[in-house]
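*Asks:* Sequence:
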Amino acid sequence: MKRIAMSAAVALLFLLPGTSAFGQVTLSVWGGVNVATIIRTPVDGPPDRLGNAYGHVPRRAIGVAVGIPISGNWGIQLNLSDSRKGGDISNPHYKGMWKHDYSELSVLADLALELGDGDRAWLHLLVGPALARKRSCEVTARVGERTIRNENCAKGGWKPFKDRDYGVVGGAEVEFALSGRVGATFAGLYTYGLLDINDEPEWGYVEKNRALTLRAGLQFSIG
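For the sequence shown, the numbering used here begins at 1 and goes up steadily by one.
In case anyone wonders, no lab produced these hints; they're calculated from the structure.
Warning: the hint list may mix true and false statements.
[Said to hold, decoys possible] With a cut-off of at most 30 Å between alpha-carbon atoms, the simulated BS3-like pairs for lysine-lysine come out as follows:
hint, residue 1, residue 2
1, 134, 95
2, 95, 208
3, 134, 208
4, 162, 99
5, 99, 208
6, 162, 208
7, 99, 134
8, 162, 134
9, 95, 162
Can you make the complete structure from the sequences, with help from the hints?
*Replies:* Below, the structure is given as structure tokens:
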């Protein structure tokens, strides 16, 4: 009986006329992919476009977002995520894979623009700072027949990386109403890392994270 009642309640929720949650506090649960890379720049030169340039790697991203209306069409979106980044290198000398897993907090200004009539869909333009703390990291390289691994990217190991990062996030999110209190979201956000994450300056490179996050989620009005 409890299961029947619960199913009926969920069905009723989704059958209610849908309106956007804009203007209310919202909680979103989302998941997606980071298309990640690392920009490597020699200390005394332009970006490395040759054999040491990093390639892009797909990595998982999941998180929660809280939307807080402020005034008019303006609000703030707070994101807390498990954000996985990195890059790979393949050249005649060696092949390598860099995997950095971060806990990341971003605080984004949110400008909401209504799409069409009926308060059912909104476009959110988002921009703001992000701060990340490295949770785990692994660097693997194959040089000839030899494999080198630094499992936590710690100082003293091969190719260490710093345990923090910060940058700027910008992009857009589309919100669609599914019911009175539930919506769907789809977003594309670009993270531009500002910190040199290389923890071994004698290598002679500045290295910074970049990631395009493509995500989808469910949004719930909570206030």
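*Asks:* Now look at each hint and say whether the structure bears it out.
*Replies:* Right, here's what the structure says about each hint:
1. Note on residue 134 and residue 95: the hinted pairing holds, with a Cα-Cα distance of about 23 Å set against a maximum of 30 Å.
2. The straight-line distance between the Cα atoms of residue 95 and residue 208 is roughly 19 Å, inside the 30 Å bound, and the hint therefore holds.
3. With a CA separation close to 14 Å, the supplied pair residue 134 and residue 208 stays within the 30 Å bound.
4. Only pairs whose Cα atoms come within 30 Å are accepted, and residue 162 paired with residue 99 is accepted, the gap being roughly 13 Å.
5. A distance of roughly 13 Å separates the Cα atoms of residue 99 and residue 208; the hinted pair therefore holds under the 30 Å criterion.
6. Distance restraint check for residue 162 and residue 208: the Cα-Cα separation of roughly 11 Å lies within the 30 Å cut-off, and the hinted pair is therefore satisfied.
7. Taken as a hint, the residue 99 and residue 134 pair is honoured in the structure, with Cα atoms around 11 Å apart against an allowance of 30 Å.
8. About 8 Å separates the Cα atoms of residue 162 and residue 134, which keeps this hinted pair within 30 Å; it holds.
9. Proximity of residue 95 to residue 162 is assessed by CA-CA distance (about 22 Å); at most 30 Å being required, the pair is judged to hold.
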